[in-house]
Amino acid sequence: MSTATHSLPRTIGAHAVLLTYTVIALFPVIIVIMNSFKSRAGIFGAPLTPPTPKTFDLIGYTTVIGQGDFIHYFQNSLVVTVASLFFVLLFGAMAAFALSEYRFRGNSLMGLYLALGIMIPIRLGTVAILQLMVASGLVNTLTALILVYTAQGLPLAVFILSEFMKQVSDDLKNAGRIDGLSEYTIFFRLVLPLVRPSMATVAVFTMIPIWNDLWFPLILAPSEETKTVTLGAQLFLGQFVTNWNAILAALSLAIMPVLILYVIFSRQLIRGITSGAVK
Amino acid sequence: MGSLNIENVKKAFGPVEVLKGINLEVTDGEFVVFVGPSGCGKSTLLRVIAGLEDSTSGRVVIDGADVSATPPAKRGIAMVFQTYALYPHLTVKNNMGLGLKQAGTPATEIDRRIGIASSMLSLEPYLARRPAELSGGQRQRVAIGRAVVREPKLFLFDEPLSNLDAALRVNTRLEIAQLHRRLKATMIYVTHDQVEAMTLADKIVVLNAGKIEQIGGPMELYNAPANEFVAGFIGSPKMNFVDGARLGETAKTIGVRPEHLTVDAKSGAWKGTVVHAEHLGADTNLYLDCEKAGLITVRIFGVYNAEPGATLYATPDPAKTYRFGADGKVLK
Ligand SMILES: Nc1ncnc2c1ncn2[C@@H]1O[C@H](COP(=O)(O)OP(=O)(O)O)[C@@H](O)[C@H]1O
Ligand SMILES: [Mg+2]
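For the protein sequence lines, the chains are A and B, in the order given. Residue 1 is where the first sequence starts when you use the UniProt record's numbering, and the numbers rise one by one after that. Residue 1 is where the second sequence starts when you use the UniProt record's numbering, and the numbers rise one by one after that.
One chain only, chain B, in its complex shape (with noise of 0.2 Å):
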């Protein structure tokens, strides 16, 4: 159980085209997230997966069923929202319980998930308290413990750390793929956040302006993308972008990752200054504005001592250097 088909979605708001023909497939226990630029229509292929947007056209199948015509609360999901969206008139135990009593279960059930997911989500001592006595990190457990206890076929994330500080976010993306591993269930996880996606997806689908630009796993994206979208989206600091006519290439674009390039004091392929050094500790980004390649960043890993001002010679691995023809998809 819990298995799902986009066929050939679109969704239009009047004259403008959000969706343009969605087609997905993810299968039992599946963790996928969906991830892209703000106003891609993430949120929009969300909604129409929860039935609180109908589709201007194609299919949505849960577990083989067409749910099209199936209001959000028969179709067997559960959604945990960026606002966390709790009942502000209702105590943490009755916001979890809410949808199970208005299915009609049994109150003894019901006691017994919220029991399970309190323990599971450590929010037993506030299942008294209203969500305006929580701390942030709180509300949105207890909105992914709403979730839980509706034991669904599907978990649907809309950005849920997105208004959690940077600590609190390590941890709940932590608390998320630990609940994945535990419930075995099929989550779909929305956030524009490349680093959310990489670390919690089982597989990657990169949207961008209402179409996939790709589906894989991380490192798939990661090694093999399909094209200079999906390379410049996935992986932090973002792949340099060269004019390949700048370098005497056929190339439209030629494409390196910060990561991949190695600089030299006296020699290398492109000569340039440094513009900036940031040191991190464990590695050093420097900014270089190259004579050939134009600006771009190389990370070194480890300590490296650069003032501004200083030439330095960067010189791409040929083996992790990318070409793109002048429809963006990479040349092989």
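Just chain A, with the same shape it has in the complex (with noise of 0.2 Å):
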């Protein structure tokens, strides 16, 4: 297959080079998984082989069921999850809508001032947050994890979207408000479907980060209702022994949930990556 633009060594090479990435980039996650389902011993003994029929134990996962509370955690991952996304991309979208479509005085000022937040992490703001949350009665409740993921997401999102809206053809929007649809229909039903690639690349950013919190489920809402998945692990991570099979099994677990969110995402991602590239 020499072609003018494919060599046979360069392809070789080219793969050889993402080849390793890849292992490199999942050898921790198939070492998670892999030792979930194998026991105590079998962790230990030889952490690198694949569980064989004497190591094979599913101990792990039948402690992080057993526990009972596991599956509730999950749902609260899940609902903090899903619901910061929505806000984040819903406000992000309409922020970055009104900045790339209207001029008005200090709108790049306000532009800047959005997109602080990608350079501050929020959590330098913590102890302010958790006295407003103190003061508000929203200690241990998830709205309170879902207002300061959607705070912690808008400055990325908003800032990824206006560029994206800019690209979104005036005509079009011109040719709505003749037609006299609200600002809202041009918004809803003509820029947002021509912007989607980038709303799936944006939730993806926005979306593992959130997942895999533990700082703000340990000092907001640690209580056993309030619960997320990765501060459940916690668990079993004791001060003196800390059961392995149990915490590989619920990351194990963990894993799965972003994995389908993430292919929802995939298609839409990989459009949003090349856009522009193509076109």
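Note that these hints are calculated values from the structure, not bench results.
Below, simulated SDA-like cross-link-like pairs (lysine to any residue); rule was C-alpha separation at most 25 Å, straight line:
(1) K74/B / D171/A
(2) K153/B / D171/A
(3) K101/B / L192/A
(4) K173/A / K153/B
(5) K20/B / F104/A
(6) K101/B / Y184/A
(7) K238/B / N285/B
(8) K203/B / M219/B
Note that the structure is predicted; figures quoted are calculated from it, not measured.
Can you join these two chains into the complex? Each is in its own frame, and there are hints to help.
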């Protein structure tokens, strides 16, 4: 297959690099999943080998499921992630539309202000956030987490989406205005469908840190009722004994929902990353 | 119905003044073309008329009513865009009907108007398709159909042919001309292409850098340009401009169109060398480097054989020579 653009050595080289990267990136994940199916002795005896009939053991999973509340933790994580994602995308897209579409005094300053959050970690404000939540009685509620994560996700969403919204044809929006569509209809029916790939990109970048976060659940919602998966898994991490089987099983299970959401978004995501390159 | 008055309209984007006081009168049923180089403010003026952009000062009057505070949908206008701007999620039929639906027109009336417009533009086979399934020419016809069904007082076209290939451009141009004759509606058409302007317009408005240079019929602009800019912009190939001082004239610049020059191998006013010859069949364009006049273009009707390097004499037709003053205006 030697054509003008593809020579065999080059193809092999490119694949070698990509395969190496894939192996390195997947290695920890594979180790976690592999070991979650092994007995304690199997994990410590030979951590790098796949489960054999001798070391195969579902003890980790039975512990996690048997713990009872784990399903509930999952539910909490899912509610928090999905709700935050929804608000980040909705408000992010609306703010981005306003910034890119309307000329008003202080437009670029406002854009800068909204994007500033990308550079300043929200955790710096933890104490103030906690005081705020205590004052408003939101401690130990999922609402507290959703609010914080929405605030955390917005800057990047506004930044990315406003760039993409600038590319949506002015003529299309103007045609809508002449046909008497309201600004809301123009936004929801004409503009949003055209920036769907970039919405998916933002969704993936927003979702993963929220799902994996330990900090805010630990501080704002550590109660049994509101625990998330990452926080729930800490249960097995003792000061003196650590239940590795259970931790690995919990982590393996925690990967699943993000993986599913990722697959949903990924087709759009690829288009988001490559759009502009083609067309 | 369908008259338009623009009174001293100015538009600035921040410190940049894009329209510097436009006054224009369009009577009912007229086909008016705004023409000018890219970036001179044609689209901005059209958007101000449509209400998509607020003017900084001045009034826009449609049919005797000041519409400066009326939203675009209520101005009785329809607009066709360069990029078609069809709704990607709607079928051709719904694309055409959306504006009427928004205005609360009964469904039977919408269907009747879509029927008329689609037969006028031969769009009947495509009514159920989406824009993505149409070719460029078909898309632009749908965009025109969307304007037609609104039965507007004023049609606004913003470079509707720029995205079409050359053959399609000629066809669609013809279609727009026929549409104007059939509907007898007032149309305002923006283009940077002087050929489109000359072929379509009852009245041409030449814009340059946010100001109107001249208003007039196509032949009026061709025969009696008010200034150097209009003289250079209207007509193709472009008018030759020669420094008056080099010819021993009092005028700052002398202008003569390529078709108003004759050539002779033996004698004439300006001696020159052929730099390049373009043989188009019906005409021949010669580029001559003249001792007195510099590089000029001569258009000869029919075939004329001239090799690069040959010596020729060009002579301007004195009755069709324009003299421009230092301010660019024509000297009478
Ligand atoms: N929204 C805008 N903000 C700032 N400048 C603009 C805007 N729209 C147009 N302009 C400027 O106004 C000038 C005229 O633009 P336009 O009317 O589109 O020109 P034309 O249609 O004649 O090519 C250009 O220099 C352009 O840069
Ligand atoms: Mg334009």
